[in-house]
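Peer 1: Sequence:
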Amino acid sequence: MNSGSLSQPFLLARGVTKTYVHRGWSHRGRHKALDQVDMALPFAKTVALVGESGSGKTTLAMCLAGLECPDAGEIWMEGRDLVSAGKRQLAAIRPQLQMLWQDSAAALSPVLTASEIVEEPLLAQLRASPRQRSEIVSDLFQKVGLRLEWRIRYPHQLSGGQRQRLAIARALASQPRLLVLDEPFTGLDLSVRGQIINLLLDLQATHALTYLYVSHDLEVVRYFADEVAVMHRGRIVEQAPTAELFVRPSHLYTKKLLSAIPAFAGIQGCAN
Numbered sequence: 022m023n024s025g026s027l028s029q030p031f032l033l034a035r036g037v038t039k040t041y042v043h044r045g046w047s048h049r050g051r052h053k054a055l056d057q058v059d060m061a062l063p064f065a066k067t068v069a070l071v072g073e074s075g076s077g078k079t080t081l082a083m084c085l086a087g088l089e090c091p092d093a094g095e096i097w098m099e100g101r102d103l104v105s106a107g108k109r110q111l112a113a114i115r116p117q118l119q120m121l122w123q124d125s126a127a128a129l130s131p132v133l134t135a136s137e138i139v140e141e142p143l144l145a146q147l148r149a150s151p152r153q154r155s156e157i158v159s160d161l162f163q164k165v166g167l168r169l170e171w172r173i174r175y176p177h178q179l180s181g182g183q184r185q186r187l188a189i190a191r192a193l194a195s196q197p198r199l200l201v202l203d204e205p206f207t208g209l210d211l212s213v214r215g216q217i218i219n220l221l222l223d224l225q226a227t228h229a230l231t232y233l234y235v236s237h238d239l240e241v242v243r244y245f246a247d248e249v250a251v252m253h254r255g256r257i258v259e260q261a262p263t264a265e266l267f268v269r270p271s272h273l274y275t276k277k278l279l280s281a282i283p284a285f286a287g288i289q290g291c292a293n
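Heads up: the sequence shown runs through residues 22 to 293, numbered per the numbering used here.
Honestly, the hints are just simulated from the structure, not real lab data. We put the beta carbon where it would ideally sit given N, CA and C, even for glycine.
Listed next, the in silico PhoX-like pairs over lysine-lysine satisfying Cα-Cα at most 25 Å (straight line): (1) LYS277 <-> LYS53; (2) LYS66 <-> LYS164; (3) LYS276 <-> LYS66.
For each label pair, taking beta carbons as the anchor points, the in silico distance ranges come out as: (4) LEU133 <-> VAL42: 34 to 42 Å; (5) HIS177 <-> ASP56: 35 to 43 Å; (6) ALA93 <-> SER155: 41 to 49 Å; (7) TYR41 <-> LEU133: 31 to 39 Å; (8) HIS177 <-> VAL42: 36 to 44 Å; (9) ALA112 <-> GLY36: 22 to 30 Å; (10) ARG109 <-> THR134: 27 to 35 Å; (11) VAL258 <-> THR207: 19 to 27 Å.
Please build the complete structure, drawing on both the sequences and the hints.
Peer 2: Okay, structure coming up:
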């Protein structure tokens, strides 16, 4: 697949299935989190993954980011099969797949300074000399809007918005192609949320990043995403351009999701 081709997606999932087996002392059973999921992510665009809690959004995001292995199905990124790739191939691919978590405080090591947190991926990949790494860290701080004097601070000494900027800098250190954003704006006040959203949009334009945005906030989805994929009971029931989906949802479950938002309740009557 050619990343510059409009006819081929950057990332393609086909028939992805994932089942969890529960072996508790009081309960045993199987839960099919993903059931034959098909999904496409266009190059350098944002696809929002929406649906109620328990629909399988996080499990799918983890599979696409290479943090979970599906039981069946295929995941292709620019012609490379992520599911059947060998250890060496995966080691080369995984830095290109990064996640930005909802709870930045939990995702960042409390014993490392901000500078050490951003430098950590560079050390893991044996990239650059100490001087070069310091220059890269400084450049990433500037790109995400962090002051250089904050390099020696620990995560608990930063605000929620500053920690999320730090998490973005750390993700960028791996030179990713895909960022999986798992509710990264939750808990931020409106002004900071807007700043982080605009930062991610600027970085996407500058670095040709592809985003998978997992969210419950359909108002942010409408502003931030190019396409929306709706997940229900472990399946993608609808995927369409954002403007089209919000005006003319085709699946009954999508209409139900939109009708729960007062601002969009009137749309449902026109779409029927």
